[in-house]
Structures are given as C-alpha cells and as structure tokens.
Amino acid sequence: MRRSNGLRRIAAAVALLGAACAPVSFPGQPVGALRLSQVADQGDAERRSSMQLVLRGLESDADARPHEALSDYQTALRVDPGNPYAYLALARHHVYGRTPERALDFLDKAESLLRAQGAWAPPVEAQVVGLRGAALFFMGRPGDAAPLLERARTIDPWVWNDGALGAAELR
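Going by the numbering used here, 62 is the number at position 62 of the sequence shown; the sequence numbering is gapless.
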C-alpha cells in the first residue's frame, strides 16, 4: 500500500511541477531508455550472474515481494561488488520502500561506478537523477526533488513523465 501511495504522491508532485512549466512534447521513443535486461549479457561471468540476480530482484519487486528482491540485490553485490546496476536497483528498492534515505548512498555508488566504467550516458543519468529526486521527495524535501525529477523527465519522458521508475520499467 505504501508503494502505490508513494507513486501517486510523486505523480501528483510531477503533475504540479509540469503545470508550472511549458508543455513537453514527446516526438518519439527516447534514444536508448535504460533497461537492465539489455545489458544483462555484457561483461564477465560474475557480472552476468550478478545481473541475472538483479533482474530476478526487479521481478520480485514488481510482484510486491520486497524481501526476495532485497535478498537478490544483496547477493548480486556479493557476486560482483562492482556492478553499478545492482546498486541502482537497490537504490530503486529503497526509494519506493520505507527507507528512501538509504537510497542516496547506493545512488552515489552507482553513479561513481557507471562513470568509472564508461557507462554514464543520458539514459543512465535519467534513472540516477530521477531516483535521487524521488528519494528526496519521500524524505520530505520536495523543493530539492523537483528540479531532479524535472531533469529526469526532460531526459527520458517516456519513463519519468509519471515521476516514478517502476521495477518493470527498469527491468
């Protein structure tokens, strides 16, 4: 129940923010929206194994099985501690769970690894920036959250127009 209420609150905040801004047109599918299933087969054996656990965790999150999801994300990091996508999924899990403040450290780690591994690009930035905005929103800091959510929406309106990143959207 908290998750759906939280998504509704973010969507309402983004709608209010959108009403104050010029309308955004969506001329077509964004260039390469980040889907972890598209990068799951990249890297060495540890990375691929870790990514399968991340994908399974996202499926559990989408099916409202948060304890299973958390276990998969934690195992993914034990298999490959340098997997930035595991940190990203774990951050998403905390943003929409009961501990959005914990998401910020995971987002910092994901961003650092993504930049170091040469994987930082607009589709990735949209997810990191949007999740950071969502975390700040749930932490009671809507003024800090609004520009980040708007930035994510500008980069990837197909995913962030509702102000939230669902597990299925990241999967």
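Note that these hints are calculated values from the structure, not bench results. Hints are supplied without guarantee of correctness; some may be wrong.
Derived lysine to any residue pairs resembling SDA-like cross-links, with alpha carbons at most 25 Å apart [to be verified]:
1) Lys-109 / Asp-144
2) Lys-109 / Arg-47
3) Lys-109 / Leu-148
4) Lys-109 / Ala-146
5) Lys-109 / Gly-143
6) Lys-109 / Pro-66
Problem set entry | Ascending list of hint numbers which this structure does not respect | none
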